[in-house]
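Number of protein chains: 2
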Amino acid sequence: MTTDDVSPGEFWFYEKHVPTAGIMLKVGELLACRRSRYQTIQLFDTADYGRVMTLDNLIMLTERDEFSYHEMLTHVPLLLHPQPRQVLVVGGGDGGVLREVIKHGTVERAVQVEIDREVVDVCREFFPWAAETYDNPRVELVIDDALKYINTVRNEFDLVIVDSTDPVGPAIDLFGSPFYSDVYDALTADGLMTCQIDSPFYGSRRIGMIMDTLRDIFHDAGLYLTQVPSYPSGVWGLGIASKSRKNFHEPDKVRYDTLSGTLRYYNPDVHRGSFLLPEYLRRVVYRTGK
Amino acid sequence: MTTDDVSPGEFWFYEKHVPTAGIMLKVGELLACRRSRYQTIQLFDTADYGRVMTLDNLIMLTERDEFSYHEMLTHVPLLLHPQPRQVLVVGGGDGGVLREVIKHGTVERAVQVEIDREVVDVCREFFPWAAETYDNPRVELVIDDALKYINTVRNEFDLVIVDSTDPVGPAIDLFGSPFYSDVYDALTADGLMTCQIDSPFYGSRRIGMIMDTLRDIFHDAGLYLTQVPSYPSGVWGLGIASKSRKNFHEPDKVRYDTLSGTLRYYNPDVHRGSFLLPEYLRRVVYRTGK
Chain A
0 MTTDDVSPGE
10 FWFYEKHVPT
20 AGIMLKVGEL
30 LACRRSRYQT
40 IQLFDTADYG
50 RVMTLDNLIM
60 LTERDEFSYH
70 EMLTHVPLLL
80 HPQPRQVLVV
90 GGGDGGVLRE
100 VIKHGTVERA
110 VQVEIDREVV
120 DVCREFFPWA
130 AETYDNPRVE
140 LVIDDALKYI
150 NTVRNEFDLV
160 IVDSTDPVGP
170 AIDLFGSPFY
180 SDVYDALTAD
190 GLMTCQIDSP
200 FYGSRRIGMI
210 MDTLRDIFHD
220 AGLYLTQVPS
230 YPSGVWGLGI
240 ASKSRKNFHE
250 PDKVRYDTLS
260 GTLRYYNPDV
270 HRGSFLLPEY
280 LRRVVYRTGK
Chain B
0 MTTDDVSPGE
10 FWFYEKHVPT
20 AGIMLKVGEL
30 LACRRSRYQT
40 IQLFDTADYG
50 RVMTLDNLIM
60 LTERDEFSYH
70 EMLTHVPLLL
80 HPQPRQVLVV
90 GGGDGGVLRE
100 VIKHGTVERA
110 VQVEIDREVV
120 DVCREFFPWA
130 AETYDNPRVE
140 LVIDDALKYI
150 NTVRNEFDLV
160 IVDSTDPVGP
170 AIDLFGSPFY
180 SDVYDALTAD
190 GLMTCQIDSP
200 FYGSRRIGMI
210 MDTLRDIFHD
220 AGLYLTQVPS
230 YPSGVWGLGI
240 ASKSRKNFHE
250 PDKVRYDTLS
260 GTLRYYNPDV
270 HRGSFLLPEY
280 LRRVVYRTGK
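Those protein sequences? They're chains A and B, same order as listed. For the first sequence, position 245 matches number 244 in numbering that gives the first Met the number 0, and the numbering has no gaps at all. For the second sequence, position 217 matches number 216 in numbering that gives the first Met the number 0, and the numbering has no gaps at all.
By construction, these hints were calculated from the structure, which means they are not laboratory data. Worth double-checking, as some hints may not be accurate.
Derived pair list, reagent style EDC-like, types lysine to aspartate or glutamate, alpha-carbon separation capped at 20 Å [said to hold, decoys possible]:
#1 A:K245 x B:D144
#2 A:K15 x B:D268
#3 A:K15 x B:D47
#4 B:K15 x A:E14
#5 B:K15 x A:D268
#6 A:K15 x B:E14
#7 A:K15 x B:D44
#8 B:K15 x A:E9
#9 B:K245 x A:D268
#10 B:K15 x A:D44
Interface residues of chain A toward chain B, partial, derived using beta-carbon atoms under 7 Å [said to hold, decoys possible]:
#11 V17
#12 L24
#13 F200
#14 G202
#15 D256
#16 L258
#17 L262
#18 R263
Fair warning: this is a prediction, and the values are worked out from it, not measured in the lab. Virtual Cβ for every residue (Gly too), placed ideally from N, Cα, C.
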């Protein structure tokens, strides 16, 4: 880009992924800017990524690429669990994970624990799917600190899906050993947890440490990847941990077929492929070799 | 990023991936800026990505993430072919593909056809691996237009690896049916070709068209993916086409073991996983459904 490409009066959003590199998006219209008790919430329009929501100046989702993140965080555990009935979503105030959860006919109750009511309100206003999802009778919205809520439940949820912000600021305790232990206790005997972790490229050390923690607490844990062009490095690491299961590679094909018409990223092939890690990452996640 | 983060006198490199979104890298030192007969070549230092080379203002490689691109473009075909002896590299003046090719003991001769001698010269000067690679006695450098060169060879190469610039400007004919037909003719009976194509996220339509062309000409063709954080969307699509082979999923494990200590991205798992495509891309590549 030369300076000829930038016109007077244009807004550009810049996010640094590391101190000297980042993404830039031209802003069409600033739709919302709110300072809640917890964070700064901004929502703006862009030509190539559609509507974008940031929390504390970090991109949380864009309309253009949220599908790959939400589908992989949700359908991987839902299609591995034999019969997911009770699902807890931690964070995820934008409603994207919930939207995917309620596609599953087996799910009787989906509880969302979001600390910040204003995130839910902004998303209901500006993302059409959010309003629709929160009005679903199987959805239960709890505005509370997930660290406190998770302590009140035992052997209740078949799945816990942690769709948190990054491990800086308010969400940092959602990446620690005490929280994961509480998730373990909140799960039924064959329960599964998935969580968003970090960029494999920029954050492989942090990914390695979190995987060690998960393996200490759970029966088994794994890392899988999805494409998110608007997140640092364009690829994102998702964690999965189980109370009884060792194999994360074989999703339920019959239940997949009932959903497949609604999916743009997830399929059983990409499910399996997402666990097959590049060498630099396999070494960190599984503590092998060199 | 706020304006506080930008200091007077700083250089930033911006590349637009689509009209309103792109990557930004803070430039440490500008090392080379040359206008060759074909293109503008720039080389600069960055803190997080190391040295970066651009051609006509598009990032071609960075020291930090070139390994995932070069390893996947090279080792996937080399470990699928039963005994690759003669290898042709089209483009790839930076020497990254050649560096990977000559790791294979079976390779007796690796010919590189690069149109722009100045790219080779700049890379020999600033990338340590390039000087070393070009001095290898099995390497033969031809400065010529690959479109002309490929016409002069018949049934000669076990592999052709097309490491071109993008299908705009001087490289556009390297993505067309006549060139791919000439590659077909240049290959031995069980020959394979790989080529870089586009971002699956931004360029899926173009990927679909190129895959159709490859399937028209070759016995079979497939698409596989690799992570390249400095390329548009962070994930890149690579094509493979064969004169006789149908299965691209099973690399040679014995030959892999002899190389594995030198590899940071490639392993047989990620080889297989890289062909397992997300749904939006599978539909375009294999012309299935919806």
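A quick look at each hint next to the structure:
| no. | hint | result |
| --- | --- | --- |
| 1 | A:K245 x B:D144 | 53 Å, violated |
| 2 | A:K15 x B:D268 | 32 Å, violated |
| 3 | A:K15 x B:D47 | 11 Å, holds |
| 4 | B:K15 x A:E14 | 15 Å, holds |
| 5 | B:K15 x A:D268 | 32 Å, violated |
| 6 | A:K15 x B:E14 | 15 Å, holds |
| 7 | A:K15 x B:D44 | 18 Å, holds |
| 8 | B:K15 x A:E9 | 15 Å, holds |
| 9 | B:K245 x A:D268 | 18 Å, holds |
| 10 | B:K15 x A:D44 | 18 Å, holds |
| 11 | V17 | 4 Å, holds |
| 12 | L24 | 5 Å, holds |
| 13 | F200 | 5 Å, holds |
| 14 | G202 | 12 Å, violated |
| 15 | D256 | 12 Å, violated |
| 16 | L258 | 11 Å, violated |
| 17 | L262 | 6 Å, holds |
| 18 | R263 | 5 Å, holds |
In the structure shown, a violation is registered for the earlier hints numbered 1, 2, 5, 14, 15, 16, in ascending order.
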